[in-house]
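Could you build all of it, start to finish, from the sequences and the hints given here?
Residue numbers (the numbering used here), protein chains in the order written: chain R, 38 to 383; chain X, 38 to 383.
Quick caveat, the hints were computed from the structure, so don't treat them as lab data.
Be a bit skeptical, because a hint or two may be false.
Treat identical chains as interchangeable: a pair holds within one or across any two.
As the list claims (entries may be wrong) - With a straight-line Cα cutoff of 27 Å, these simulated DSSO-like cross-link-like pairs (lysine-lysine) come out:
#1 K107 to K97
#2 K369 to K156
#3 K313 to K369
#4 K368 to K313
#5 K252 to K116
#6 K342 to K358
#7 K171 to K301
There are 2 protein chains.
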Amino acid sequence: MVKGSVRPVMTDITTDIAIIGAGPAGLFMVFEAGFLGYSSTVIDALPQAGGQLSALYPDKPIYDIPGYPKILAGDLVAKLQGQAAPYKPTYVLGEPVLTLTGVAGDLTLKTENHTIQAKAVVIAGGGGMFTPRKPVGLDNLENFEDAGSVLYAITHKEALRGHTVVLAGGGDSAVDWAVELAGIAAHVHVVHRRADFRAAPETVRQMMALVDTGKITLHTPAQLKALHGDDGALASLTLADVDGAETEIVASKLICCFGIAPQKGPFAAWGVTEEKGKLPVDPSTMMTNVPGILAIGDIADYGHKLHLILQGFAEAAVAAKTLQALIDPDKKFKVQYSTSKGVPEV
Amino acid sequence: MVKGSVRPVMTDITTDIAIIGAGPAGLFMVFEAGFLGYSSTVIDALPQAGGQLSALYPDKPIYDIPGYPKILAGDLVAKLQGQAAPYKPTYVLGEPVLTLTGVAGDLTLKTENHTIQAKAVVIAGGGGMFTPRKPVGLDNLENFEDAGSVLYAITHKEALRGHTVVLAGGGDSAVDWAVELAGIAAHVHVVHRRADFRAAPETVRQMMALVDTGKITLHTPAQLKALHGDDGALASLTLADVDGAETEIVASKLICCFGIAPQKGPFAAWGVTEEKGKLPVDPSTMMTNVPGILAIGDIADYGHKLHLILQGFAEAAVAAKTLQALIDPDKKFKVQYSTSKGVPEV
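Right, dumping it as structure tokens:
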């Protein structure tokens, strides 16, 4: 559930495999598990799938994905989600896993809004747990987040139609969304603490053209100082410039585009051995020291590990074999070829 | 060099890496080696790149290539060749490796028409060495092959313009080429030992329509009995039907589409240990028992090996690291990200 939308009641999910991390290895794990007949639930602290590929460099080309001479990181994420789709994964996004308890075959994961029962867990945690950077020093921020007035990602831009929107930040996300929302929102304010934008020059040029036509108002250099409104419904914001001079602007939505920040992983509390931020695994099974908890992708480590996306893909196939041995120990593992077996219709 | 074209003089090639096998793992090895700065020469007994994907199932969809919800095997081969292209590999196709001698850093491979000097060898031999099936019982077949009158693959269809062509075989290749060449050749004869064709019904229908218009003549059930002509220049062929009755047809090219057949690998002669048709390697380096000779993909084996295309891709990356340690032992290996480094322009 994306933080900032209306808070749902606690939801129970029962799944074969809980995959922690919706980056490329985690998404391909859905396919590999599904191909063997297992259902997956993918949980990520970030509000969208794709991990760092979506959050940090969606528009950068990658050249070393086998079979793709060149693919944009964001497009690879979309392809991997498409490949996972026939196995109907459940996505729990925008919620870090808070606790993991139980034993192999009967594990329980809790996030803020979900309880997930799983037979096994695959940690595909990439470079670690990343969450959106939040603004600092704003009173009652959580109330506004819970009511959906303060957002860290836009998953349904139509929900912003007619709103007066404040975009905070100076990178590609802030500028891209400013241009995009200029045609949807009643008005767009852009607040950035510097005068310069670290975004694609062409998009900055488009934004400036919209400033000239009055669709966008720039506030630079300026910072968020206070949010105003009752019961989390945003009514206005106070901005402060470098000299401390304050301005109040009327707005109903604040979207913070400050990038993402790494968080310390919760692995120690789960009993999973962590060494220098990585989880040691047996490369022949991808099992961590805890039975029933596997790790793949950048967060998994073993002697000859290469931290490349394609290794994470190959590790997902190894992990799938281990999962079958855990869940169906009497079933003989046999490599099946997708050309012969096919996949379900989406 | 495709067997059957005019025989070239022996050619010397100097390369960093000799890759034996032009299947998916071998093609991706070109990329991984190139990304680290090493040149590659790819050698295959088959006349085209792609290994079994091209020879056995080019039109079958594959579902478990990460990032491709579905891709035809033939299309994957084209993508992998495109990904290898920036590193300008040399292809030696249609020629098995006959001998491999020397030591790591200075290895010599010989094929029928090429001598290849390489610093290291990567065997990406897939399910083994496959060569086109040849017709049996034809006197002087090799003379006709050498002169380019008898072919096992069509790499430049324009070279057949104006020729009277005999296609032998009853599968997709024979039928596809019959339809294709009907617009190029002076006339097309199709010889098949059964009355039924094992090919896509729609293509068979197209062929039959061309038979009706007189562009194609069918000879079924019939077999090749003799080739006639001087110095390998085909002038006519004798066919025999099931009762032994003979027919002579005038033609200048014979294209045999009988599929491919596995050959026993030459690995023992090279000192490379072979167990049940596979080459044992150390999965942390992909090195065989012979220093300087690595193996990846389906032919490589280790304890937890999964015989999937995507494992071959991941193994190519591991092999590239080993190659650098072999060729540039003083250079420190560092994982480089393609998003940052990019690839050369094609």
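Structure-based check of all given hints:
1. K107 to K97: both (10 Å within a copy, 23 Å between copies)
2. K369 to K156: For K369 and K156, only the intra-copy Cα distance (18 Å) is at most 27 Å; the inter-copy one is 42 Å.
3. K313 to K369: Answer is between: at 21 Å across copies they meet the 27 Å cutoff, but 36 Å inside does not.
4. K368 to K313: between (36 Å within a copy, 25 Å between copies)
5. K252 to K116: neither (35 Å within a copy, 44 Å between copies)
6. K342 to K358: both (19 Å within a copy, 11 Å between copies)
7. K171 to K301: Answer is within; shortest intra-copy Cα gap is 16 Å, inter-copy 64 Å.
The earlier numbered hint that this structure contradicts is number 5, and it is the only one.
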